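Novice: Sequence:
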Amino acid sequence: MNIESIQKKSGIVGRSDAVKQVLEMVAQVAPTDISVLITGESGTGKEMVAKAIHQTSKRSHEPLVTVNCGAIPEGIIESELFGHKKGAYTDAREDRKGYFESANKGTIFLDEIGETPLETQVKLLRVLESGEFMPVGASKTKRTDVRVVAATNKNLADLVSKGLFRQDLYYRLKTVTILSPALGNRVEDISLLVERFALEFTRNNDMMYRGFMPEAIRALKKHSWHGNVRELKNFVES
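Under my numbering, think of the first position of the sequence shown as 127, with each following residue one higher.
Calculated from the structure, these hints are not laboratory results. As the structure is a prediction and not an experimental result, all values here were calculated from the model. Where is the CB? At the ideal position from N, CA and C, for every residue including glycine. Keep in mind that the hints are not guaranteed to be accurate.
Pairwise CB distance ranges (calculated) [what the hints assert, rightly or not]:
1) Ala-342 / Gln-147: 26 to 32 Å
2) Asn-281 / Arg-356: 18 to 24 Å
3) Met-127 / Met-339: 48 to 54 Å
4) Val-248 / Asp-284: 17 to 23 Å
5) Met-339 / Pro-243: 18 to 24 Å
6) Phe-361 / Thr-301: 32 to 38 Å
7) Thr-303 / Asn-128: 32 to 38 Å
8) Arg-322 / Lys-288: 36 to 42 Å
9) Pro-189 / Arg-356: 21 to 27 Å
10) Thr-301 / Lys-184: 17 to 23 Å
Please construct the entire structure, taking both the sequences and the accompanying hints into account.
Specialist: Listed below in structure tokens is the structure:
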């Protein structure tokens, strides 16, 4: 699939070289089953890149399961990822499928992978290498056929050096790395993004939209967007 059709399908906005580079990488890796690590600051749209990879892959008709690793408490993350058997702990009243089993034949997107506890990382490495996992409280392993896409706004190499992230898992994930660019590195896309966000918001709220004045766009281009595309979107809506 060419980058124009990927862009149309995924809704990734931009004509900058930085965005073209992302789309070219997506076009190259999507048809394979290789794991992908998406890096970049918070608010740059890493989840959209993950969706583009899934939509362009041979798994596109199967589920894309998104997991925010940073939002799951440490005590239950393994049960959420790998499921559990009835009676595995006090509240486990029945067998429960985890995200890896639910994503079978499809793609699992592990957002904020840098937040996962070290013990869980061992199990993630196993499922990446062999497709095998063990639900909490089970005595038999299960198999799943998933494509893993992970994302982080942290420097994983730095976490490895501090002993907070497993080196073997880091090497396994970073085979293909896609950098989701900061808004400051794609300033020429700001007018396109503003137009998209304004049209979406006014259409959804039955509001009249007359566009932004050229001087307003110039001011937006000069501003430093620390929250990246997410901050720009919130600003346009407000």
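Novice: How does the Cβ-Cβ distance of Ala-342 and Gln-147 compare with 26 to 32 Å: does it lie in that range?
Specialist: Distance hint for Ala-342, Gln-147 holds at roughly 29 Å.
Novice: Per the hint of 21 to 27 Å, is the separation of the Cβ atoms of Pro-189 and Arg-356 within bounds?
Specialist: holds (25 Å)
Novice: Between the beta carbons of Asn-281 and Arg-356, is the distance compatible with 18 to 24 Å?
Specialist: holds (20 Å)
Novice: Does the Cβ distance between Arg-322 and Lys-288 fall inside 36 to 42 Å?
Specialist: Taking Cβ atoms as reference, Arg-322 and Lys-288 lie about 39 Å apart, which means the hint holds.
Novice: How does the Cβ-Cβ distance of Thr-303 and Asn-128 compare with 32 to 38 Å: does it lie in that range?
Specialist: violated (22 Å)
Novice: Go ahead and decide if the range 48 to 54 Å is satisfied by the Cβ distance of Met-127 to Met-339.
Specialist: violated (37 Å)
Novice: Taking the beta carbons of Phe-361 and Thr-301, is their distance inside 32 to 38 Å?
Specialist: holds (37 Å)
Novice: Should the hint that Thr-301 and Lys-184 are 17 to 23 Å apart at their CB atoms be regarded as holding?
Specialist: holds (19 Å)
Novice: Does the Cβ-Cβ separation between Met-339 and Pro-243 fall within 18 to 24 Å?
Specialist: The hinted range 18 to 24 Å is violated for Met-339 and Pro-243, with Cβ atoms some 50 Å apart.
Novice: Does the Cβ distance between Val-248 and Asp-284 fall inside 17 to 23 Å?
Specialist: holds (20 Å)
Of the numbered hints listed earlier, those contradicted by the structure are 3, 5, 7.
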